[in-house]
Amino acid sequence: MPITRLSLFNRIWAIMMKDGICEFRTRYAVSALLMFALISLASISMAIGAARLPEDLTAALLWILLFFCAMAGLSRVFVQEQESGTILALQIYGSGQAVLFGKLLFNTFMLLTLTVLIIPLFIVFLNIEIYHWSIFLLVLILGDIGIAAASTVTAAMVAKTQGKHALFTVMTFPILLPQFLSSISTTAKILMNVKPDVSDIMFMAAYNVVLMIASSILFDYLWYD
Amino acid sequence: MYRDISVNLVDVSKKIGTRYLFTGINLVINAGQCLAITGPNGSGKSTLLKIIAGLNQPTTGAIQIISNNKQLDAEERRGSLGLISPEIILYADLTGYENILFFTRLCGIECNQQMIEEYCRRVGLANDKEQLVRTYSTGMRQRLKFALMLAIQPGLWLLDEPSSNLDADGKKLIAQMIGRGLEQNATIIIATNEPWEAEHADYKIELV
Amino acid sequence: MRIVLSLWIMSVIYAVLYIVPPAEGLGNLVRIAFFHIPVAWVSVLAFLLSAGWSVQYLRTRDIQYDWKSSAAASLGLLFCLLATISGAIFAKLTWGAYWNWDPRQTSIFILLLIYGAYLVLRSSIQEEKDRAKVSAVYALLSFLTVPFLVFIIPRFYFSLHPEPVINSAGKLEMDMIMIYVLLAAVGACTALFWQCFSYMVQNKQKSF
Numbered sequence: 001m002p003i004t005r006l007s008l009f010n011r012i013w014a015i016m017m018k019d020g021i022c023e024f025r026t027r028y029a030v031s032a033l034l035m036f037a038l039i040s041l042a043s044i045s046m047a048i049g050a051a052r053l054p055e056d057l058t059a060a061l062l063w064i065l066l067f068f069c070a071m072a073g074l075s076r077v078f079v080q081e082q083e084s085g086t087i088l089a090l091q092i093y094g095s096g097q098a099v100l101f102g103k104l105l106f107n108t109f110m111l112l113t114l115t116v117l118i119i120p121l122f123i124v125f126l127n128i129e130i131y132h133w134s135i136f137l138l139v140l141i142l143g144d145i146g147i148a149a150a151s152t153v154t155a156a157m158v159a160k161t162q163g164k165h166a167l168f169t170v171m172t173f174p175i176l177l178p179q180f181l182s183s184i185s186t187t188a189k190i191l192m193n194v195k196p197d198v199s200d201i202m203f204m205a206a207y208n209v210v211l212m213i214a215s216s217i218l219f220d221y222l223w224y225d
Numbered sequence: 001m002y003r004d005i006s007v008n009l010v011d012v013s014k015k016i017g018t019r020y021l022f023t024g025i026n027l028v029i030n031a032g033q034c035l036a037i038t039g040p041n042g043s044g045k046s047t048l049l050k051i052i053a054g055l056n057q058p059t060t061g062a063i064q065i066i067s068n069n070k071q072l073d074a075e076e077r078r079g080s081l082g083l084i085s086p087e088i089i090l091y092a093d094l095t096g097y098e099n100i101l102f103f104t105r106l107c108g109i110e111c112n113q114q115m116i117e118e119y120c121r122r123v124g125l126a127n128d129k130e131q132l133v134r135t136y137s138t139g140m141r142q143r144l145k146f147a148l149m150l151a152i153q154p155g156l157w158l159l160d161e162p163s164s165n166l167d168a169d170g171k172k173l174i175a176q177m178i179g180r181g182l183e184q185n186a187t188i189i190i191a192t193n194e195p196w197e198a199e200h201a202d203y204k205i206e207l208v
Numbered sequence: 001m002r003i004v005l006s007l008w009i010m011s012v013i014y015a016v017l018y019i020v021p022p023a024e025g026l027g028n029l030v031r032i033a034f035f036h037i038p039v040a041w042v043s044v045l046a047f048l049l050s051a052g053w054s055v056q057y058l059r060t061r062d063i064q065y066d067w068k069s070s071a072a073a074s075l076g077l078l079f080c081l082l083a084t085i086s087g088a089i090f091a092k093l094t095w096g097a098y099w100n101w102d103p104r105q106t107s108i109f110i111l112l113l114i115y116g117a118y119l120v121l122r123s124s125i126q127e128e129k130d131r132a133k134v135s136a137v138y139a140l141l142s143f144l145t146v147p148f149l150v151f152i153i154p155r156f157y158f159s160l161h162p163e164p165v166i167n168s169a170g171k172l173e174m175d176m177i178m179i180y181v182l183l184a185a186v187g188a189c190t191a192l193f194w195q196c197f198s199y200m201v202q203n204k205q206k207s208f
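Residue numbers (UniProt numbering), protein chains in the order written: chain A, 1 to 225; chain B, 1 to 208; chain C, 1 to 208.
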């Protein structure tokens, strides 16, 4: 027998790469997400014209934009598998933990890519100034991981339902709310040139860790019938 | 040689809506044995296979998949059983080669390039393995599923209408594969209406 | 049992309307609190119960726990709506605005969102076992956010809401009569909830 057992990390990586290759070949999600982000951002900018928004409002807009972009595209990791029928093969051969974390990694990667593309546009369109770049990036990364973690597990839940997309947003929002509120307040502080407390960052990190542990425990119940 | 796997069905029944598809199926199939499930359309052949695969829950009863006197849990079943069914769909945006590479890795098996090429050659896909599965005909997709089965080498094969969409050559190929699998100690369960496929069987269940 | 409960509820209503003295600063408005506090308590209790039964369901896969979880959540939504509305009216009469994102209002609104999402989720899955499984997982996942919200919300919104009945100093700042009536009202409301709940679960069991 030619079998060398691969570690969990290798299996997670295989799933992420598979999703990455399929996405790269079709470019469906990336282009839809990017256009969605561009339109939302442009509509905000057009609506306010040259007026300068207060910092807390700008921070809220940024996270609302990221949240709705995520809602437009991140459910695809499971919905696409369900709709094309490939989920059955994945369920037979893939272990729950590998699938969850593979998809989570892919979603995080997608959202980070999107953030990297949005942030320069956001700065240009809304004429804002970032004071603490390193902390700002840290907040963006933590916030993106949180959105990706919450939406990956809810995506697995909505895959079998009817009216997937509307339900996806409705279900993800309450779970994401603590992270969402603290991302906004921390970003607002950064835009106001106030250094956020360590506790703000710790809160976001702790939320991500707890959410991932809980998803990891609960996902097995979803995955194995 | 394949891994020793026996399947134990204990009083399995399935109710869909208000109708029982089947009730009280009790059966033990040991390694190297073959079971054929026959019956008309809608009699629950595919459902029974999916229940054995763990994709569906029986209404009553239990399925035990046993390897070396130890019952496998849901996690351990991954990689020890393989399912070929019209409901299994492979990734259309990956090539045949990439599909095999992905699924073997998912099962935790490292396959090198020569091995995958060898499996593709054996099912007659040597020239098409670099094409996207999107461009495959249904018969080619069925062959790819068999290549995948060879690559993963599960001890338990669940085959749902294995020769559907295959030409005469393909049918001969899978008959050979099933025969060789049984020689090498695989446990095989076939849901079929083709008499020649049921010929391999040590046991038969007829669903009505 | 039902007669006892209706008598109990009627005597609580009588006590609230005729025995409780108008409170200092709030006047007769305080009577709304005897409705508001019990329904708010029940809506939180229902959420806890629903999450508890979800754990039970996932552990045992006994569909009865799913019925319980679902019945508790449906009633929870109803009580949560009543608490939100009575709270908003109370807020309008005392603070001058129906809604001002007070921490308590925010919390109860989030509870409302969770209940709403849970019930919409249930209604959009046809297969009974899938529905039970997915909604149990969702109930638990949303339950997880509660401690974070308790931590984060008070940092965001300034509160006008009165201190809980037993405040941080551990001192009771209420008239003894009021406390007894309030406890009786909470008891009546919980009993009413339990009565409706048992009725819903029994109905389910009969139709099974």
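Be aware that a few hints might be false.
[What the hints assert, rightly or not] Under the rule of at most 20 angstroms between Cα atoms (straight-line distance), these lysine to aspartate or glutamate pairs were calculated in the DMTMM-like manner: (1) A/Lys195 <-> C/Asp62; (2) A/Lys164 <-> C/Asp102; (3) B/Lys15 <-> C/Asp130; (4) C/Lys129 <-> A/Asp225; (5) A/Lys160 <-> B/Glu87; (6) A/Lys160 <-> C/Asp102; (7) C/Lys129 <-> A/Asp220; (8) B/Lys70 <-> B/Glu87; (9) A/Lys195 <-> C/Asp130; (10) A/Lys195 <-> A/Glu129; (11) B/Lys15 <-> A/Asp225; (12) C/Lys92 <-> C/Asp102; (13) A/Lys195 <-> C/Glu127; (14) B/Lys15 <-> C/Glu127; (15) B/Lys15 <-> C/Glu128; (16) C/Lys204 <-> C/Asp130; (17) A/Lys160 <-> A/Glu83; (18) A/Lys164 <-> C/Asp62; (19) B/Lys15 <-> C/Asp62; (20) A/Lys195 <-> A/Glu83.
No lab work stands behind these hints: they were computed from the structure.
Point to revise | Numbers of unmet hints, in rising order | key: 1, 2, 6, 8, 9, 13, 18, 20
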